[in-house]
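For chain Y, the structure is supplied; the task is to place chain X on it using the hints.
Chains Y and X are the protein sequences, given in the same order.
Residue numbering for the first sequence follows the working numbering, beginning at 1 and increasing consecutively.
Residue numbering for the second sequence follows the working numbering, beginning at 1001 and increasing consecutively.
Please note that a few of the clues may not be correct.
Partial pick of chain Y residues on the chain X-facing surface, computed with a CB cut under 8 Å [unchecked claim]:
1. Gly105
2. Arg106
3. Asp225
4. Thr241
5. Ser247
Hints in this document: simulated from the structure, not taken from any laboratory.
Quick caveat, the model's predicted, so the values are computed rather than measured.
We put the CB at the ideal spot given by N, CA and C, even for glycine.
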Amino acid sequence: MTGGNRVRAGGVEAPQVRSSLPPNPLNRPAISSGPERAVWGALAAGVGTLAFGRRHGPLARVALLALGGGLVTLAATGRNPLYDALKLRQNDAGEILVREAVTVGRPPHEVYARWRDLSRLPDFMEMLERIEVLHGTRSRWTVRGPAGPLTFEAELTADEPGQRIAWRTVPGPGVQHHGEVTFRPAPGDRGTEVLARYGYAPPGGPAGAAIARILNHEPGQRTRDDLMRLKRIMELGFIPTAKGQTSGRGVRAGKV
Amino acid sequence: MKGVVWQGAGRIGVETVPDPELLLPTDALIRVTSTAICGSDLHLMDGVIPSMERGDLLGHEFMGEVIEVGRDVKKLRVGQRVVVPFNIACGLCDPCRRGLFSACDNSNPNHRMAEALYGAVSGGGLFGYSHLYGGYAGGQAQYVRVPFADVGPFVVPDGVKDEQVLFLTDIFPTGYQAAENCGITPGRDVVAVFGAGPVGQFAARSAMMLGAARVIVIDRLPERLEMAARGGADTLNYELEDVLIGLQERTGGRGPDHVIDAVGLEAHGHGPGALADTVKQRARLTFDRITALRWAIQSCAKGGTVSMPGVYGGLVDKMPMGAAFAKGLVFRMGQTHTHRYLDPLMKRIEAGDIDPSFVITHRARLDDAPRLYQTFRDKQDHCIKVVLDPWA
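Isolated chain Y (complex conformation) (with noise of 0.2 Å):
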């Protein structure tokens, strides 16, 4: 299988991490289990048919085709092309991979000591209204959801000072996840490369997390814009904005 979606469970294409992600403490089925992949050639072959009669016009027959041809792929191969298309990653676990990358003009040490302080994280990660320090490596993390806010506990797999944090939830209610982040110094002198991996478990299973992708929920997102607030509150000290501006729409938005 070549590229896509799937990719090697912990994900590691970049050479220069040198732990992949913690086993996954779940044991969810891949996206496309023996029976789903029947159910999804078993369509294939009806949709299959329906192109062959005799009553629908070219253009039809092709899109008929082109329906039955990706449900074929589906079965074979238990690939989904709605995540390719959402550019969404799972892992073998069946697990939704995220990724996203950035540079911080700060030195890693700086960098890693700004993400440690566990209780800041809310100020650039949007979907994480709080984060309260336990005891030892253990923290109890309240996240927006959708249906309001939901807590769980999570504890530090990994604490290497200026180069690495790593945690998984423990188990319980809420989203089940586990993630890292690596901070090595960027060439000539440009700061700290930061990359962020999570690996979770979706509720709903892949369909749910396609349709919070859709609804601009999935974690995947946020990601990016987090790292970008990361980025900006080390550089500049605050997050640059337009809210609150005046314009021509009569009523002014809160201050931020």
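Using the frame of chain Y, we list chain X on its own:
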């Protein structure tokens, strides 16, 4: 205050809107004394730039007096008279430190919208130029909020008139950067400029200031060619003669050493009809989308530079890459890094090398903006450049 407001495609209005306020401690407020309509504003007017919202304030060429500064503003002071670059830059990120101010990493709050359109990267924010470029309110108004007040605004001496320095905000540096990008060898190189709109006019005069042996300006509108000729350029009306043959004849068969495409198409990912419109609005050169660029590549001498201040926003088709490759051409392009030209070009103005007010054809009140957008777009009344007074 009064401001020029985008009311939907094709509808420009002047409305009373709330006065702007400081939003961040690094902001300043400016009382606008002069503002201009840019050719690129016409694309907003016609609705070919995505992500405009009803009520957005327009305008990115403006100057005025500082009336308030935020508590973290260190250099700029109330009462100073400033010109403000059309692009917004933080001054601290890696591109800004390298002088690539228009590529600022941090000034566009809506960076992801631009990234989605272009695939990977976005430029910095712009005043009054859609939410794709940050959604910042523009300066065709009585007051404007200016972010990064210590980075953008440039203090101008009291002695010079608004009209002499107003175009430091955009079109003069844009034309100058286009000429500078050519790497002109003084006394030797011939430079051709496609498009005799405001940017083309400044590109031609800048090429002369940088020592071009000869400058040839190409357009079809007589009043624009006359303006270029008054500045010392040779002219070529492509409706009256074949462009490629005409340029060969004027350069001993070599072709111009460098060619500036001051046409562009500024199409941000919309349909062919809109693309054609964009070119018609800005270039007046052709109904074909990249004819100016194609001519530039075809006419340019071996090893020459194709410099592109004209804005390209989408995907270009049928570009003669074979010709470009065969001749070993160099391509230089991009939004203007306005900030880096303010000081040197101010000195040029003070030294009397150029008086940028030559390009102005229309002066009016802010209230007349809707009518003058129309006049400018439709090339009526020999309109080349409009300056508005928000307080008249």
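Min Cβ distance, arginine 106(Y) to chain X: is it shorter than 8 Å? violated (11 Å)
Query - Evaluation of the interface hint that places serine 247(Y) against chain X, nearest CB under 8 Å - result: Status holds, d = 4 Å.
Checklist line | Restraint outcome when threonine 241(Y) is required to lie within 8 Å of chain X by C-beta distance | finding: holds (5 Å)
Identify whether the interface hint at aspartate 225(Y) stands, where standing means a beta carbon of chain X within less than 8 Å of its own.
Where the cut-off is 8 Å and the nearest Cβ of chain X is about 6 Å from aspartate 225(Y), the hint holds.
Does the closest beta carbon of chain X sit nearer than 8 Å to the beta carbon of glycine 105(Y)?
Result: holds, 6 Å to nearest chain X Cβ.
The structure shown violates just one earlier hint, number 2.
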